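*Asks:* Residues per chain, in single letters:
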Amino acid sequence: MAADDLQSVGKCCLRCKRPIFYGTCAKNTSVPLYIVNYTGWLLKRKEFIGNHRWQNTNDRLPSSRLHLSSSFRPSLVVWCCMREDSSIKREEQATKMISPQQIRNFCIIAHIDHGKSTLADRLLQLTNTVSNRDMKDQFLDSMDLERERGITIKLQTARMNYRAPDGNEYILNLIDTPGHVDFSYEVSRSLVACEGAILVVDASQGVEAQTLANVYLASESGLEIIPVLNKVDLPSAEPLRVKQEIEQMIGLDTSNCLEISAKTGKNVEKVLEYIVKYIPPPKDRSSFPLRALIFDSYYDAFRGVVVYFRVFDGILETGKKIRLMNSQKDFESVQVGVLAPHQVPVERLISGEVGYLVAGIKTVQDARVGDTITLAHQPADCALPGYKEAKPMVFCGLYPSDADQFEDLREALEKLKLNDSSLSYEPESSSAMGFGFRCGFLGLLHMEIVCERLSREYGLDLVTTSPSVGYYVYLHDNSSMLIQNPCELPEPHLVDYLEEPYVRLEIITPTEYVGPLMELTQSRRGIFQDMKYITATRTSLVYELPLAELVTNFFDLVKSRSRGYASMEYQWSGYRRGDLVKLEVAVNGEKVDALCSIVHRDKAYSIARALTERLKELIPRQQFRIPVQGMIGNRVIASEHIPALRKDVLAKCYGGDISRKKKLLKKQAEGKKRMKAIGKVDVPQEAFRAMLSLKQTED
Amino acid sequence: MKQSSSFVKRLGFIKPCLFKYFSTRHKPQTLFRRMMLCHNTSLLENTTDWTLPKSAYIHIPFCVRKCLYCDFAVVAGTTNLNLYDTYIEHLLKEIETTLSYFKRKYQKLPALETLYIGGGTPSVLSYIHLQRIVDKLQQYVDFAPTSEFTVEMDPGTFDLSKARQFRNLGVNRVSIGVQSFDDNLLKLCGRSHNSKQVYMAWDILRTAGFTNLSLDLMSGLPYQSEEIFRDSIEKAISLDPEHLSCYDLIIEQSTPFGKKYQSGVFPLPSEDEAACMYILASSRLREQGYEHYEISNYGKPAYLSKHNQTYWKNQSYYGFGMSATSYTEMKRFTRPRKLVSYFEWVKQLEKRKGELECPQESLREQAVDTLILGLRMKQGISLNTFTKLYGQSISQLVIDASQPWITSGHMLEIYNRNGQLEGLALKDPEGFLLQNSILISLLEKSLWTTNSSTYPVTLS
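Heads up: the protein sequence lines correspond to chains A and B, in order. Residues 1 to 699 (full-length UniProt numbering) make up the first sequence, in order. Residues 1 to 460 (full-length UniProt numbering) make up the second sequence, in order.
If you are wondering where the hints come from, they were derived from the structure by calculation, not from laboratory data. A quick note: this is a predicted structure, and the numbers were derived from the prediction, not measured. Take the hints with a grain of salt, since some may be wrong.
[As the list claims (entries may be wrong)] List of simulated lysine-lysine pairs, DSSO-like, C-alpha gap at most 30 angstroms:
id, chain 1, residue 1, chain 2, residue 2
1, B, K388, A, K663
2, B, K108, B, K427
3, A, K666, B, K445
4, B, K103, B, K351
5, A, K666, B, K338
6, A, K663, B, K136
7, B, K445, B, K427
8, B, K427, B, K388
9, B, K331, A, K662
10, B, K313, A, K667
11, A, K667, B, K108
12, A, K666, B, K331
13, A, K666, B, K259
14, B, K136, B, K103
15, B, K331, B, K136
16, B, K378, B, K300
17, B, K300, A, K667
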């Protein structure tokens, strides 16, 4: 739905007074439109706004927001104000006039699983931002997937009102950040909007690689860092050792470091005190021309793009004409508000505040993360420094297993892209898999999550090819090209040399696992850079490692070699020349482009052998003998064959058994449908991920 | 009538049994009734070819003990004769209600040509029970003079007097569950008898005067090697049975075997070994003069099971008793698999005066059934009948879909004297072994469509 079709039809008739928007549905149908104000569990009021004739689009309405009731006539019901009166009161408090001195913007940074989201939950509860009844674990993680896996994927913001023991009221803006290494760009984005960061360290696990990485990011942005030891209630907690680690590895003073337990709530109120005490308030620059940095945005089907921003200079008010400095586009600010953590509209946001803006922006591209908002009639001189764009590191092909779903896949990717700017995709076609997309991801977890969301939220049945990285190919004619799909690699005689991406990898591990980890890293073509004994028991290893070796299952192996104690962090470090070849696989004499990969020449033979053996296990026996060959160019370097199928299930079939037999056949046919036909051979989807599973067994 | 006799001419040379099948099929009376029916029924019934059943299956769920691979509806180990009586009461009630319903609706019922009492182990019943069942049936239907009346009997559950009594009641064919001649295997499978009892049982039946005996064997049992299986086959041959069934073990999840073993994994034979056993049985028995007339069944030429062919030709049949399936008036219905719910269901049936609450099978379903069942038989499906019942276009789709399998040597085309394509069948043993794969590919290209509610092409 284009934002042109967005119209305000009135205000919520309860206290929040927020404007109600609607989208369009079926063509030229007139339906009565109601706003239903929903308070708690009881339907309080249903207000008839009048009949409305839909215009030209035929967009579907997401049922969560708009409801076409099934009563006598189709009617559109807009739900609004889904909160208790008391929470509205709290939000009203939130909108009182304030001075920058009362504002504290902070984020929580930590290694994955050190308890960021739990601490955020406690802070929200302590400040009564969320009523106990609405409270659920990982409150800020709104995606199902986030809750299920217990991880944070997207950054989240919440505004809290805090009355300090000294009697002053403060506004605390919390930005919760993801912990997984794939999403570190989200962390860097949120850091810019803050003056301080709470560094959460697990009191038993100590400082981990991601802790360090996040600390470096935070100190680069000039943030005040408050170290906090979490999980001190655990029997295995060793606060003294961990404090020592923090001093030695990070160089932070831990003399009055807080020891808390976010789970039990111990000392969490002190965290709030520390925030007010140690994190500096934002500078009061309200008199300057407006400059607000967009740090996040998402697409809402009813209101267009909603951007989250931090005001650095000046004041942003509702109803003003605004300009986005990088895209040079002007919009009318329809609604400005704070996140408490639900969106609450306010009249104005002053310098130092964090909030959201609705301005009828049609596409996410118009309001890119990192852009600066200023006023159209009184623009600022220069934009704020933005962000580096998140670069996709890992690529893989996504193909619908049913060719009819191609358009659905395109639509689903478009929608995901709206809220996940780091996802990139372009159409590609493969002789084996038909039409699909080559997608770029930040890392394997990101890839896994996108695939899972596609299948879960959009009901798509996908075949994913094994992940690869981008290579630079230099040809004999001095031209060069970037390839993201191994199949695109030109014939060997045309290629002068290849360059592959490397990362700087840092592993922090208990000293006793250094040996196995070095062995692993060497076997993955790692180049040793540095080794430091941080404390008596912990060591940091620094390697340069080809990204291709990292993206398969390196992280899992690091974990298993160190019994889960090591942690790792990596940064992009550039391209290096490598002796690489294209390994192709032919099934029944036909080259399968989806199984093509670029590997190091020294490893090509062993990989090809393992791959063909794996494929032999994965491809079910068929009516004829199938040769499976690994090839470099036209040279066969490994060969296996799958013997012909001998026998099906020979159910005896009395009259009553026919329905069972039919079920059995249907089931078997379903199984076949999930496979891709390569020539005459049906290949199951797992086979296309054989490279992945192969690496797992190999080590 | 004219049409059917032209069938006979065309089919006659292929198989004598087929001739019999078509010639007995349309008696003038049934044809007349069908014409009457056509007046007020839908097109569906108009185009389908159905007659009143001439076969009946009766299920006796009682067993001495339950075999470890068995997932039939069975009540094992009970010696409570009251339970036998209660079950027979309900069974008789069901027969009475059902047959009187048919009698009311169609006035005269055709004589039964086959009656099959299976289980379970029907031979645990006393002859009085059996007599009551036979009497009840005879109140409503006649038994045709050439009727085939089979009872499944397990070694160790009957003596000579019981065998004679059964024979006097009209039983003329006995299917005896041997499964294997290897005592270790029998024990492992939880069978209630050993090989010695098999020989005794065989002597008893021959002494009692049975001239049509069928013997069940199993292949693919755990720890069963090709040698052990070959030995069982040879021992079976030495008994000179008129009919043999060789079933390949299917591991069902709900059984003790299902929890203990995994298909194709030791101690179960691998796929290749199991295939070898199948091929061994097929070649050895054919060599011995048995006709491999269905995937798992072998018979001397005049002793093919008439009853089972009713199933495979997708003809209608009555079904009585717990878990029994019936196929009457185009309704395929399976009775409850638990005693209590079966008793309850019989009471409901009485209230409904014998009418089954079950939808009729669609034409498409019938075509699928005909294909699945027909291709189990050596004679395969007759394309003429198939075309007549389900339309030229469907028939053509099936023929087209079978081409790759004919090329690969898994299917056979059957031509008549004039060189016209007459039927399709699976090749023995290659095609039989891959029946599922073949069926799936045929069905996918003909009767299964992505939207399975409609025919891919309209019926002519």
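*Asks:* Can you list which hints this structure breaks, lowest number first?
*Replies:* 2, 6, 11, 17
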